[in-house]
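Protein sequence lines correspond, in order, to chains A and B. Plus 2 on top of the position in the first sequence (first one is 1) and you've got my numbering. Plus 9 on top of the position in the second sequence (first one is 1) and you've got my numbering.
Source of the hints: derived by calculation from the structure; they are not laboratory data. Where is the CB? At the ideal position from N, CA and C, for every residue including glycine. Any given hint could be a false lead.
As the list claims (entries may be wrong) - Some chain B residues close to chain A (C-beta under 10 Å, calculated; not the full set):
(1) L93
(2) F125
(3) T240
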Amino acid sequence: MIRTLPATLVKALALALFAFLLFGPLANLVLWSVAERWYAPFKLPVTYGLRYWEVVFRPTGDAMSSLATSVAIAGLTVLVALLVSVPAGYALARLKLPARTLIMIMFLLPQAFPSVAIYINVARIFYQFGLAGTVTGVVLVHAAHGLVYSVWIAAAAFAAVDRDLELAARNMGASPLRTFATITLPLAAPGIMASAIFVFLESLDEFTGTFFVGVPQVTTLPLLLYSASMGGNYQIASITALILLVPSVLFMMVIERFLRADVLSKVGQ
Amino acid sequence: MPRPSPLGLLLVAPALALVAALFLYPLGFSLVAAFTAEGQPTLRHFEKAFELYATDIRFTIFIVLFSTVLIALISIAIAGVLTLSETPWLIATLRWLYRWPLFIPFIVAAQCMRTFLAKNGLMNNTLVAAGVLEPLQAQSFLDWRGIVITFVWKQVPFVTLMLAGAMASLDRATIEAGRNLGASRLRVLVELVLPQVSQTLLVGLVLSFVTMLSVLSVPMMVAGSQPTMLTVDMAFRINAYGDYATANALGVISYAMTAVVAWIYLRHQVRREAEA
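Bound conformation, chain A alone:
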């Protein structure tokens, strides 16, 4: 016991240091969100209060309109992504396609390229079509970026559906469309739900694309965070950051419920 004590102490200290490095930055964020006054040389805020929370959550404030814009864009992005990726996922999982691997890789490309160089040109093209600075433009950019999740996960979800159940329905006289609507789609729904959450979060957190395509008319929460932070308004920036953190952390906790191992093992195949 006496011999193992130092080893235990070393492990506990290492864990404590690790936890400090992980949570320290987040703790600093929380402190700033409730600091009414905080300046050097004080190590902790001089006065605490919820004044800035009230500013952020004021119904007429910038933050609430940015939040509404962000949620609307994320919702529309999910809609667009699912509309194109449910059929594509089904085809990739069930139908014979020429150059299937190439098609799969196509959806990965927008994520696998340095995106800034692409977005500056998207912004230029959108300008010609009057899409620059519009919600539609931002939704399209977010949807293209999220396609790798929505298509790949939808394809995996459809591939994990037991073919025998579909065959049974067909044998009992159901049409292909009816089989799809009553058997295949409901069984693949949890996986598609997971892909929808992925796309929603990806859109909610997206900064670079909105920065080039959305400005100056479309202000989402990440853009508000950026301008508040660069303007030195750390309270507003921190509260905005905390609002963005909530869905991310919730998602981390529930992801395993939606993405079952049998679907996960088929992603990218």
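Got chain A sorted already, so can you dock chain B onto it with the hints?
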């Protein structure tokens, strides 16, 4: 398998059209802008890009490579402890801890670090309060070190998650055999476990590398203006001068960096298949 179906192509078409319109077409646009002037092929945008931004090109390569190395070392360490440790409470706590930054957006991570790593931020304040640091020694980390710390903080959970998953699915018998023969856990990790999960590690690192090369918010918010990463330079060329030619030349340089990494990955892949 049924024969190739026209229905399948029809179902995939809308999704492919989205990628073509919003990725392939702008990619072509960027190549044309980078390699031509007044309709003639030219390399002069690259000359200008190198002339103005040679330092930032080196800086970007250094930051991304250094971060990738740190991410690899820390992820191997954490995944190694999760796989080989014999202390249940350590494994349980570490498993619960390490994932937290996984889904935190880069822009939120950048804002966290902007305050945490500042001269009067929580990191220095804690070190001073703990007696590790004299108040006068406290310095701001909001330069290249801040960018590296933010990237590592954000990407380590991702690579660790992949790596720990791969290690968990290994055959425990070889690990136990190595341990029984008296090999230390470090040796088991380096000589038995790592070679079997190198593929997963490589995929995680390649994805992290490209991600770090694409992030705009972290270098803008965490570090000062000079020197900076290519993403910031591209945004600056566009927003300040409307200079698409130089911005796109810088873009092509960042594609080239990605291409080198993709080539390393593919070469590794081919060699593995040859061995199999």
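**Report entry** Minimum beta-carbon distance criterion (10 Å), L93(B) to chain A
**Finding:** 13 Å, violated
Requested in this report: Classify the hint on T240(B) as holds or violated, based on whether any CB of chain A lies nearer than 10 Å to its CB.
Outcome: Hint on T240(B): holds, closest Cβ of chain A at ~5 Å, below 10 Å.
Query raised in the report: Holds or violated: is there a CB of chain A closer than 10 Å to the CB of F125(B)?
Result: 4 Å, holds
Violated hint: 1 only; the structure is consistent with all others.
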